[in-house]
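Colleague: Work out the full structure, taking the sequences as your base and the hints as a guide.
2 protein chains.
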Amino acid sequence: MNNFEFYNSVRICFGKGEIAKLSTLVPRDARIMLTYGGGSIKKNGVYDQVISALSGFNIIGFGGIEANPHYETLMKAVALVKANKIDFLLAVGGGSVLDGTKFIAAAALWEGADPWDIMTRRNHATVKKAIPIGTVLTLPATGSEMNGTGVITKWETKDKLAFASEHTLPRFSILDPEVVFSLPQIQISNGIVDAFIHVMEQYLTYPANAPVQDRFAESILITLIEEGPKVLADRSDYNAAANFMWAATMALNGLIGAGVPQDWATHMIGHELTAFHGIDHGQTLCIVLPGIMRVKRENKQEKMLQYGERVWKITEGTVDERIEAIIEKTVHFFESVGIKTKLSDYGVGSEIIPKVVNRFINRGIKAIGERGDLTTDDIARILELQLK
Amino acid sequence: MNNFEFYNSVRICFGKGEIAKLSTLVPRDARIMLTYGGGSIKKNGVYDQVISALSGFNIIGFGGIEANPHYETLMKAVALVKANKIDFLLAVGGGSVLDGTKFIAAAALWEGADPWDIMTRRNHATVKKAIPIGTVLTLPATGSEMNGTGVITKWETKDKLAFASEHTLPRFSILDPEVVFSLPQIQISNGIVDAFIHVMEQYLTYPANAPVQDRFAESILITLIEEGPKVLADRSDYNAAANFMWAATMALNGLIGAGVPQDWATHMIGHELTAFHGIDHGQTLCIVLPGIMRVKRENKQEKMLQYGERVWKITEGTVDERIEAIIEKTVHFFESVGIKTKLSDYGVGSEIIPKVVNRFINRGIKAIGERGDLTTDDIARILELQLK
Numbered sequence: 000m001n002n003f004e005f006y007n008s009v010r011i012c013f014g015k016g017e018i019a020k021l022s023t024l025v026p027r028d029a030r031i032m033l034t035y036g037g038g039s040i041k042k043n044g045v046y047d048q049v050i051s052a053l054s055g056f057n058i059i060g061f062g063g064i065e066a067n068p069h070y071e072t073l074m075k076a077v078a079l080v081k082a083n084k085i086d087f088l089l090a091v092g093g094g095s096v097l098d099g100t101k102f103i104a105a106a107a108l109w110e111g112a113d114p115w116d117i118m119t120r121r122n123h124a125t126v127k128k129a130i131p132i133g134t135v136l137t138l139p140a141t142g143s144e145m146n147g148t149g150v151i152t153k154w155e156t157k158d159k160l161a162f163a164s165e166h167t168l169p170r171f172s173i174l175d176p177e178v179v180f181s182l183p184q185i186q187i188s189n190g191i192v193d194a195f196i197h198v199m200e201q202y203l204t205y206p207a208n209a210p211v212q213d214r215f216a217e218s219i220l221i222t223l224i225e226e227g228p229k230v231l232a233d234r235s236d237y238n239a240a241a242n243f244m245w246a247a248t249m250a251l252n253g254l255i256g257a258g259v260p261q262d263w264a265t266h267m268i269g270h271e272l273t274a275f276h277g278i279d280h281g282q283t284l285c286i287v288l289p290g291i292m293r294v295k296r297e298n299k300q301e302k303m304l305q306y307g308e309r310v311w312k313i314t315e316g317t318v319d320e321r322i323e324a325i326i327e328k329t330v331h332f333f334e335s336v337g338i339k340t341k342l343s344d345y346g347v348g349s350e351i352i353p354k355v356v357n358r359f360i361n362r363g364i365k366a367i368g369e370r371g372d373l374t375t376d377d378i379a380r381i382l383e384l385q386l387k
Numbered sequence: 000m001n002n003f004e005f006y007n008s009v010r011i012c013f014g015k016g017e018i019a020k021l022s023t024l025v026p027r028d029a030r031i032m033l034t035y036g037g038g039s040i041k042k043n044g045v046y047d048q049v050i051s052a053l054s055g056f057n058i059i060g061f062g063g064i065e066a067n068p069h070y071e072t073l074m075k076a077v078a079l080v081k082a083n084k085i086d087f088l089l090a091v092g093g094g095s096v097l098d099g100t101k102f103i104a105a106a107a108l109w110e111g112a113d114p115w116d117i118m119t120r121r122n123h124a125t126v127k128k129a130i131p132i133g134t135v136l137t138l139p140a141t142g143s144e145m146n147g148t149g150v151i152t153k154w155e156t157k158d159k160l161a162f163a164s165e166h167t168l169p170r171f172s173i174l175d176p177e178v179v180f181s182l183p184q185i186q187i188s189n190g191i192v193d194a195f196i197h198v199m200e201q202y203l204t205y206p207a208n209a210p211v212q213d214r215f216a217e218s219i220l221i222t223l224i225e226e227g228p229k230v231l232a233d234r235s236d237y238n239a240a241a242n243f244m245w246a247a248t249m250a251l252n253g254l255i256g257a258g259v260p261q262d263w264a265t266h267m268i269g270h271e272l273t274a275f276h277g278i279d280h281g282q283t284l285c286i287v288l289p290g291i292m293r294v295k296r297e298n299k300q301e302k303m304l305q306y307g308e309r310v311w312k313i314t315e316g317t318v319d320e321r322i323e324a325i326i327e328k329t330v331h332f333f334e335s336v337g338i339k340t341k342l343s344d345y346g347v348g349s350e351i352i353p354k355v356v357n358r359f360i361n362r363g364i365k366a367i368g369e370r371g372d373l374t375t376d377d378i379a380r381i382l383e384l385q386l387k
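Just so you know, the sequences run in chain order G and D. Note that numbering that gives the first Met the number 0 has the first sequence beginning at 0, numbered continuously upward. Note that numbering that gives the first Met the number 0 has the second sequence beginning at 0, numbered continuously upward.
No lab work stands behind these hints: they were computed from the structure. Check the hints yourself; a few may be wrong.
[Said to hold, decoys possible] With a straight-line cut-off of 20 Å between C-alpha atoms, the simulated SDA-like cross-links for lysine to any residue are: (1) D:Lys312 with G:Thr314; (2) D:Lys20 with G:Tyr6; (3) D:Lys15 with G:Gln186; (4) G:Lys84 with G:Glu65; (5) D:Lys312 with G:Gln305; (6) D:Lys157 with D:Val347; (7) G:Lys312 with D:Glu308; (8) G:Lys127 with D:Leu24; (9) G:Lys15 with D:Ala207; (10) G:Lys341 with G:Trp109.
[To be verified] Residues of chain G clear of chain D, computed beta-carbon distances all greater than 12 Å: (11) Asn67; (12) Thr72; (13) Phe171; (14) His331; (15) Ser343; (16) Ile360.
Glycine included, each C-beta is placed from N, C-alpha and C at the ideal position.
Modeller: And the structure:
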């Protein structure tokens, strides 16, 4: 096992009715900005529950944070935060709202010239403080409710980048599984595969003699495989919704990645597909991962076979046959929960390949992956394999 | 899944050489009391590493915190804390030193008349503040390094009780697996079974439709079964030590117990065996648990069979045969890592039974366990079964 530091101070309030606890979680004298997205929270009752719980509190709203939250949108919120001396941010939404709110929290107290430096880490820029955040999660998927990471897109340049800081760890996150009941199918499908691939990025690398982390990762994968389809089949199955939600949170809170190698190539390549073509984040991951499993099968062989045996019970055949069966099982799972895995399924052709490759070249990135040997040539091969 | 709140803000610094980080973790201007036990840290080099890392810091020492730390000893430390205006406690030791230090931290700022009320919760006493604590763990076992719980014994009355508070969560805990290299066999054996039974108290109850928690629990059990014997066989096996250490921490940090029923009857009965006969904590748990598995086999049947199948691969035979095999496997594991499971192994006879039963009766406790139906008659039957 590698040395590691683990710190996660997010208070999780999990279960039905927990939104009512907001009044004890948010400081009574705070000047609060409630951040949200396209307004679904006003239709599904969550907004009313939040406002009811915070009756008498000092709140202004900032709606319209879009999927893949835009720097340009968030900077409008930053101006409003400063003008209104906001000292608490309450994010009510899915991963995009939460990620965007983390950026607002950091950018509002940013002392450098350009808050975009938070994302590019230009001159080793790091977040040193942030406005306190609380969250009410409305969509299990990204794990943003229990980490300090935000992924932000600069619309002007189509740059989709990530930052992470302990200062943007939410003070609390309320996870009421009943929010799942009114979600559209595609959001649940995306959530299932997003959480699944968060685990894979931290698990499908090379062995590091870390059996607790490995088995925790497999626990989350198996739970998503078992519970995901139940959520899709019956939106009102509370236990399935709860188990899906908790699995998604556990998938990216630092726990399974502690002391082990991590990959994140699937996300890095996937982000470019979203930036260029607006393909949903979860969908991009399902396009890229099978390609990486094929191209990097030797790098990942030992963990691939362990994954096949423990998650899919694949133990028969030669190594190549088993790996083929493992990739097929994985692809079939993505497709079975409603996510297509080929670029052609999204109307994208081979013209995307040089565009994506050039983005890495232009950023000076020669290779990615857990061994730092997934080159831009590999990226081209991965996308080539996933064309149709 | 039941509703739950999860909050664990302990910063974990895990790995070889991490003790050197103390200088960045402890506030530079703090008045520090370094608490420790019988002096083993002065023999195994940990004390020197700590003092070297904190060169120039303002430190006084308080040694001699015994196993099952005594209220009477700890109150001497409280007096010293007050006299020296100590504002940071650095606990260097195993679970007893850490637990004792948590009590010192709370008792030093206790505003009620009698700090023992913290343990008895007389008049609903609760800890409202505590001196900040950091820890350097020297013995994987109790999980105290990543929770706010302390178990303290009042020697005068032989009362062994537990308290828990968010205020006594360590600010940080340093887990360097190399501390295992110099541990005596009995401490490792006790640590393995202590961690194992911490998991069982939160797992071997009744199903609550919580597959993430269940599988995490099984992950820890399997890791202890696989890695524990490796540690005993080769004290210098770093990876085995690291995996044992991390498994023990994960066993009692709130994660696997979130949203599920918990038992803790094994601990409650075991504490009395320690209080009356000084039997090691881990040993008492291995005496009591098999008795509870027999007497409460119907209560625990579903989870028992799940445990048997997933942890021990026991799938054949009638329910009764499988449960018998499962109990045998569990007992054999305890014995195989060096812990005996019968009262006679510790020179204790049937005279203990009314003494233990009366302790529960005198405290007004009619029944314990996850369903609140393990009666004092059951306690007598459990101890009777474990006589020899």
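Colleague: Now tell me if each hint is right for this structure.
Modeller: Consistency of the hints with the structure:
no., hint, result
1, D:Lys312 with G:Thr314, "holds, 17 Å"
2, D:Lys20 with G:Tyr6, "holds, 15 Å"
3, D:Lys15 with G:Gln186, "violated, 43 Å"
4, G:Lys84 with G:Glu65, "violated, 24 Å"
5, D:Lys312 with G:Gln305, "holds, 18 Å"
6, D:Lys157 with D:Val347, "holds, 17 Å"
7, G:Lys312 with D:Glu308, "holds, 15 Å"
8, G:Lys127 with D:Leu24, "holds, 17 Å"
9, G:Lys15 with D:Ala207, "holds, 15 Å"
10, G:Lys341 with G:Trp109, "violated, 41 Å"
11, Asn67, "holds, 28 Å"
12, Thr72, "holds, 32 Å"
13, Phe171, "violated, 8 Å"
14, His331, "holds, 21 Å"
15, Ser343, "holds, 36 Å"
16, Ile360, "holds, 36 Å"
The structure is inconsistent with the numbered hints 3, 4, 10 and 13, although it conforms to all the rest.
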